[in-house]
Every structure is written in C-alpha cells, then in structure tokens.
Amino acid sequence: MQPIIVIGFLNNMKVLIEIAYALYMGFYTTLKNLFRGPFTEEYPEYKRPLPARSRAQIILTSDPDGQERCVACYLCSAVCPVDCISMQAAEADSGRRYAKWFRINFGRCIFCGLCEEACPTSAIQLTPFFENSKRDILKMVYEKADLQVDHCGKDKNYNFYAYAGIVTKSAGKGEHVKEEKPVDVRTNMP
Amino acid sequence: MPKLIIDNREIEVPEGIKVIEAADRAGIYIPRFCYYAELGAVGACRICAVKFVDGPVKGIEMSCMINAQDGMVVSTTDPEARDFRRHVIEWLMMNHPHDCPVCDEGGHCLLQDLTESCDHGIRRYKGKKRTYVDQYLGPLIQHEENRCIQCYRCSRYYQEFAGYKDLGVMGIAQRIYFGRYAAGVLESPFSGNIIDLCPTGVYTDKPSRYTGRRWDYERVPGICINCSLGCHITVSARYREIVYLEGRYSGKVNGSFICDRGRYGFFYANLEERPRQGRVRGEDVPSGRAITMAAQRVKEVSESHGAAAIAVIGSGRSSLETIAALTHVCKVQGWRGPVLFDSRVSSESVRTAVSCIAQELAVSMKEIESADFILTVGADPINEAPMLAMAMRQAWRKGAGVAAIDCRSLDWPFQFEQVTAAPDDMADFLAALENSETTVISDRFVAQIKSIAAKIRACHRPVVVCGTEITDSKIIYGAAGFVKAMRQAGQEAGLFYTLPAANSYGAALLDEIGETAEDLIERIESGEIKALVIVESDLWDTFSDRQRLIQALEQLELLVVADFMATEILHRADIIIPTLSIFEAGGIYVNQEGRAQWSPPAYAGGTPIKITGQGGHPPRIIRPDIPAGDISPAWRMAWWLADRQPPASHDLLLDWMGKTFPVLEKAANFTSEGIRLYLPEARRKTARETGGRKIQSLGEYLLLPVAAVFGDEPMAQRSPCLEGYAKHPEMWMAASDARLFDASDGDAARLQLPYGPLELTLRLSERIAPGTLIVYRCPDLFWQQFARSSRFIVPKDRIRIEKKA
Ligand code: SF4
Ligand code: SF4
Ligand code: SF4
Ligand code: SF4
Ligand code: FES
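Protein chains in written order, with the working numbering: chain A, 196 to 385; chain B, 20 to 824.
Excised from the complex, chain A in its bound form (with noise of 0.2 Å):
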C-alpha cells in the first residue's frame, strides 16, 4: 500500500472515533440525568441560610444594655452614595443624642454597606434579609421604628456611651472607660 492512503485511512479513523465519543457523551449525559432527581431550591419553599456578612436589608440595633445605639451622627447619612437616608438628631433628657426621626429609602438603596463601614458605633447593619419588594412604592420607605431591632446584631460588645466623655445617665465624667477623676481647678498640689 501506498504511505499517503495509510495515513489519509488513519486521519479519517480518528473523526470517526471523535463522533462516536461525542454521540456517546451525549447521549450519556441525557440518559444520566433522565434518572436524577431535581436539582432546583423550590424558593420561597426551601430558603437557602445566607452568610451572616451578606447585605441586604438594613437594621438598627440596640446597645447591649438594651439602649438606643444608634446617636444620629450623621455619618451613614453623608457616605450613602444614593442619598437613602435621612434623620434628624436630638438630645434626650438622658443626655444622649439620637435620631428624633430616622428614615430609609429602600426604594434607592443599592446595599453597598458603606453605611455599616462608616458608622462609629455599630448601630447601622446591614442584613441577609434580601426580601422586601413591594407593590406600594411609599412602602419602600422605612421609618425608625421600622429599622429598630431589640439585639446588638453582629457586633455583641461595643457600648459607644461607656467610652465617649459626654455625660449621660449611664455615666458622668471621669465614670467612662480609660478616665480619670475630674480635675479639681483650685488645688495647685500636684
């Protein structure tokens, strides 16, 4: 036999062997799947646990003495990229500042988080909690009784009060964390 049939006769093997394998592949992967069962979360049946850290829906949390957290700061309020929020801060008779009123628009806010990064005392978190559409657009609109919860989310431990200097109820001066005792003006011991 002539060298050029034989290798024209084995080039052409090799297709035929390429198409066999790929019929078979396919013809395989149906046949598997034929006999398996689904591979869908029936959603809102079946609700798959989301990681802690995920963003969504925005709370505002109490201090872990079960006080008001957040101090109306301004904070999140001026780094929020699409201006959802708005508040309007007060001194209570306890001294401590808080938000008089305290609005969310979810209609704008696109969960980036910088709210959270940006607060000083880890009142604003954002949660997994993902499902709030709405068929009324005003309804989108959360006031502050609507973004307070009664726990401290994920932050468990700071109290911003027990460490800033101001007098409150809770403490006066020289009572917070890391201070000493009033300075007496009139003495000049040392």
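Honestly, I wouldn't trust all of these hints.
[As the list claims (entries may be wrong)] Distance condition first, Cα-Cα at most 20 Å in a straight line; then the derived SDA-like pairs of lysine to any residue: (1) A/Lys334 <-> B/Pro637; (2) B/Lys70 <-> B/Asp138; (3) A/Lys376 <-> B/Asp138.
By construction, these hints were calculated from the structure, which means they are not laboratory data.
Computed from a predicted model, the values in this text were never measured in an experiment.
Let chain A serve as the given structure and place chain B with the ligands on it in line with the hints.
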C-alpha cells in the same frame, strides 16, 4: 520688603509679618490652632512647626513665632517637620474624649481635620484620660471642656480682643481649665464668637445643638440686618429653616466677628406663627390669591375715592429692592407714600445723616480700628450697633483716646471719657469742641472740653461717631461740620453715623419727602386716606398712641398687611399677604456708611420640615412643590398690587433700579464687594432746628427711651433663645436728681403717664444728665408711648418713688 521662599514658592511680604501669614498669602496652608489673624500669635500649640532650611533661622521652628525675613527658605513638607507635627497631634489627642459622633463640631473641626491630615489614627498611650466638669454658660453656648487643646484662642479673644473678664483660663500645668470662675451666663454680648474661634468642640452653638452637620447645610455668604452696620455672616440652612449664623470675614465692615444679637437674631424666619398663607377676612387663601384680591380691593378704593386715598407704609427692615418697588408703584399709581419712617424726629435725623455723609467723609467700621481718637456724640455703640464697640475697642487697644458726649450712663468694654450732656446741650458741646467757643456751655465742663479739644487737635485720624436716636438734626449736621473742619485743617478725620435700622440708609436715599406714620394717621383721621397697605412694618409696635391707632384703623375701608413676621398689626388686617425673609428672597441692604451689600437667598423657602412633620418624620406625601413655597418677595408683590408686571428676574430688577432712580445708578453693576451709594449734592439738606420743647425748669424731666442690645430690635426680639437677655424695665436717673426725690438705687419708680402708670426699677448714676430719665427699651414695657416723636416731658409730680423694702 523681605523676600522668602516657602515650599519653592518665592513671595515678597510686608515687614513684620509672621512666616505663617506669609505662607497664607502665598496660598500655602500651615496647620495652626492657636494662631488666628485677628488675635495674633502666642505659640501655644506647636502645630505650626516648619523646617527653616536656609537663611537667618535654621531648623524646626514655629512659623507663627518667627517674622518673615529676607533670604529665608522654608519647607512645610520636610519629613522632620511633618514628624514633629505628627507628635504634636498625638499628644494633643492623648486626652481627647472619643466623642466626635456626638460632638457638633464634628465635620468642621480643625482638630479633626489636622488629626486626619497628620495621619494619627490609633491612640498609642495606654494611660487614663484627663477629664473636666463642664459649666452652664447660658442659653447660647454649650461647654464641653474635655475637648480642649489649650490653644488659648477663647481666653485671648474674650479678654484681650473683646474686653470682658468673666471667661478665661484657670489652673496650672496639666489641669488648666477654660471657663468661668463659677458657672453662669456669659456677660459679653459678643460671646458667640468663641464658638467660631474654638478649633475643637469645647464651645458649640446651643440653640442649634445636634441639628446637623455642616456638610448637610445650604450655606451662603449673607449680611446681618439686625442693626445698621451690615456685618458679614455665613448663613446655614437645612430642612427649610435657618440653623445658625456665623461671622464671615470682611476687610471693610466687621473683620471676622459678629455680635450675639446678629448671631441669634434670625429665629423669626423659622417661627411657626409666621404668616405662610394669604388670609382674606379670616379665611386662608393661597398667597397669590391674596395679592390679586388685595389688588382688586385697592383698585375699588381708588375708583371710589381717588388714588390719593391709598397709602403705603414700608420700613427700614425691607430690602432696597422692596423699598424701590414701593416707591415706584406709589409714584406711578398716585398713591401716598411709601412712608418709611416711624416718627418725625427719626425721619429728620436719619435723612439729615444720610444727606451729610459723603464718600470722602465716611469711614468704614474696619477703618475705625486705626483711628487715633474717637469722639462719640449721642451714640451708644454697644446698644445701637454692637460691633462698632468692638472696632472702637481695637482702636483703643492701639492707643486711641475715646471721648463720649452723652446723657446716658455708658458702659463700654474699654476706657473712655464721658462728657455728660443733656440731649438739648449736645450741639453746644460739639460746637465748643469745634471752635473752642466755651461760653455756651456750663463752666463745670470748660476744662474737660478744652482738654478733649486739644487731644483731638493733636491727632491725625480722628473719627466722629454720631448717633441718630437721641440726637437731633442740628447735632447730626454739626458732627459732619466738625469733621469737614478737621479735614480742612489737614487731619484725616472720618465720620460715622449709626442709624436705627438695617436699611434706614436705603430708605433715606429713595425717600425725598420723609413723611412719617404720624402724618398718615392724621390723614386717616381726617378721612383723606381710606386704604392702607403696610409692607414689612409694624405700626402697632412703632406708633406711640395705641388708642388713636385703633380708632384710625377702624376708620379705614381696607387694611392690607404684607410681612414675613407675625406682627401685631397683622391681626387687624383685612387681607394678609405673606412675604419672604432675607434668607429666602435675598436682598440689598445699605449700611450706615452708604455701603450697599447683597445678601443672597440661603434656601428656597417653604414651611420648615420641623413644622410639617410636627417634630417627627417628614410627612409621607409625594408632592411636586414645597409647602408654602409659593410666597413672593415683597418687591414682586408691590407691582402686582398695582396690577402691573414686575421685572422678570433679579438682574433685570437691578437694571431697572439703576435706570429709574438716579441715586441707584450704580445698582445695575452691583458687585459682590458691594457698592457705595451717596446722595447727590443737589439733594443734600441744610441744618434745621427741629422743634420739641426744651426742658424749661428744674421740675421737668425728659423721658428718653434708648436702644438696648437685646429686646429692642424687632427681628432679634422674636428669638426664643434671647428672651432672657432683654433688660428688665429700668429707669436711670441722675444721682443729683435722685436727691430731690430722696431716692436710692433699686427703689421702685412709678410714673403717671397719659396712657396709664408705668412701674420701673430706679437706677442711679453720676453720668446721667440731670433732667433726663433714661429707659432702655424692652419688650415688657410700652415705651413707644414716650418715643421721641413727642419729646416726652414728665413733670416732677408725676414721678413717685417707693423705697425698696
Ligand atoms: S447600603 Fe449603601 S446605598 Fe444602602 S443605605 Fe447604606 S450606604 Fe446607602
Ligand atoms: S452612622 Fe451609625 S450612629 Fe451615626 S447616624 Fe448612622 S446609624 Fe446612627
Ligand atoms: S476651649 Fe477651645 S479655644 Fe479655648 S483653649 Fe480650649 S481649644 Fe482653645
Ligand atoms: S453689629 Fe449689627 S450688623 Fe453686626 S452682627 Fe451685630 S446686629 Fe448684626
Ligand atoms: S499656631 Fe503656631 S504655635 Fe500654635
């Protein structure tokens, strides 16, 4: 002039200035806490360290302590200097109380900014923090001493610059404390400036406590209209209300600071009771509708009684635009007015002052600081034009002498010499000073007058400050004459008047007749006037006879009141039209020096969110417009009242003003610097004896209501936080007169006046002119009844003194 190089930039600066200021001029910012241009340098904080690379000084030095000298080469970015500043920040932050989130300074805090820019983030020191107990400093300023970094700006300002002693520094070493000896309301009416000055949050604004952060505010450069000086301010607005005002630098008017009346006198713009809707006979209507109805009613009156049966009242608290519009409308419609002055005496005084002042005579408030002698005649700066007292104090600190011719017991924060003269005698004293003609004055004063005259003659830049509230046109004219005479004698003398309202000057520029409310009331009584349109003026508050006013108003067929404040007269109006305040409409105000200044609008207007949301969340309503956002500025309303079309924009309005009024010719080319406006030669007046009965005998007393810094000016008077600052009803009497009554300080005085009795606490002073009784205007007192229109004279038997128990 030394030439130096800062950060590779060469700059030539005047002799004697510090390196930090030289850098400022070159546009290079060197960090600073204690240095402040107006307070000078003390070298207390060490943050301004820079490296002197070459020249007469070498190494790390404080740029605020070293004079700029020839050949210096300075680096602000040298690693050694940066490291030094980083350490300074670290030690300044060692005791910082970790409360930025709840501190109102946060967001515009110098300490915060410099801590950030020096890259200091983590507190390495593990020890405890020093703490201080705070003090109550009154309703205006909140104290939080933990935040102090010992820059001394507050104590230097309060004691050295402003001249008050009740706030300062105490203690030693690590324990120094800035505050008062004991908690209490700050005494200085200039105290609010320590809020602006303190580089941290030790002193923060109390009325706006926790209202917001500076980045959320709408901020514009504005003009204060709580007195005639027109100090420069920065206005901050948020959620449709004014939050606070700060001093803004002006090299012509106020420097960096403002007074507390100006700082806190804005609350009228936020008040709930402010008119925000039209009202026609008790029924709320949109403001546009109220204007149309008023226009129609005015037209009806005009058709049945003639155009002259309609009169318009304006005031010096309106913008120049409004005054010009009213003037124009009255002229073309044939209406009477606008009447811009409360009383005949005030009309005469203000118009005389404005006609006397000329560009070459006028000095700005900032120029007063470099005067070498200041003579005041019937002027009490601290009460009439507060910041003028600060300017005078700066002159005094530089060695200027100050003398006052006055009948009051003046109380100023610097030393001065007072010549106690009754209002009737002031002109004679002034004349005596001018031409050493001492025969007209009492022998007791001859030596004093001679010595003052000699001092004035010996100086180069004397300034005469003349009031217009207790002086008559003869004195006002005399003051200008004196200044002219001094200028002729080669002195660089200057003239400075104080006027009763922010735009009194503007009113006098446009008002050629000077008619007053008194004249109008007479015409109403005679049936000549049937309809009255009152624009931004409160006749109730200014007219001296309320009984007569009520009767006159009842005779009217139509009373239209347009205002941005809830005035008393509003309740008597048939039609109420709301107008816009300076913060919403903006406006040009001409200060007492003739400087026309523009204050732009700070926000779009509308009912504050605090009111629409009743303190809570803003209402959940989606609407395209602003609640009560349909109100027009008074100048537009003026045209509409006459059924005419106003200029379409503010620029066109200025053009129109320039073309229509020769005195406002320059208005078309208005610049942010302001323009100077003066009456042309042809409209200047000559001196005229103004009537008024002189005190005849010993048994008669002139009862004089005089200005008080708080509780007197109609706008600031409405600020809730200033309520406690108004004076209590007091009557000051000369100590010599008191002997006739056998009275002593603190006794109760009871005056039997035509409108009923008046109870006052008696105060005595040697410096009150005999025969004069001084009453500081205050809201608790119907002082209007003896306002100067009638030169109120009380016979002795009408004064009863009851001994204090
Ligand atoms: S997650 Fe982002 S968009 Fe949403 S409120 Fe926070 S900062 Fe604004
Ligand atoms: S950043 Fe935190 S503390 Fe500050 S206003 Fe927002 S939620 Fe409140
Ligand atoms: S209180 Fe403020 S201004 Fe006064 S020394 Fe302290 S930081 Fe400086
Ligand atoms: S001095 Fe007059 S213009 Fe200046 S801030 Fe005070 S009230 Fe305003
Ligand atoms: S600014 Fe120079 S030491 Fe404070």
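*Taking 20 Å as the top limit, are the C-alpha atoms of A/Lys334 and B/Pro637 close enough?*
holds, 15 Å
*With a cut-off of 20 Å on the C-alpha distance, tell me whether B/Lys70 and B/Asp138 pass.*
Distance ~19 Å between B/Lys70 and B/Asp138 Cα, so the pair holds.
*Straight-line Cα separation of A/Lys376 and B/Asp138 no greater than 20 Å?*
Judged against 20 Å, a Cα distance of about 30 Å means the pair is violated.
Against the hints set out earlier in the document, a violation occurs for number 3 only.
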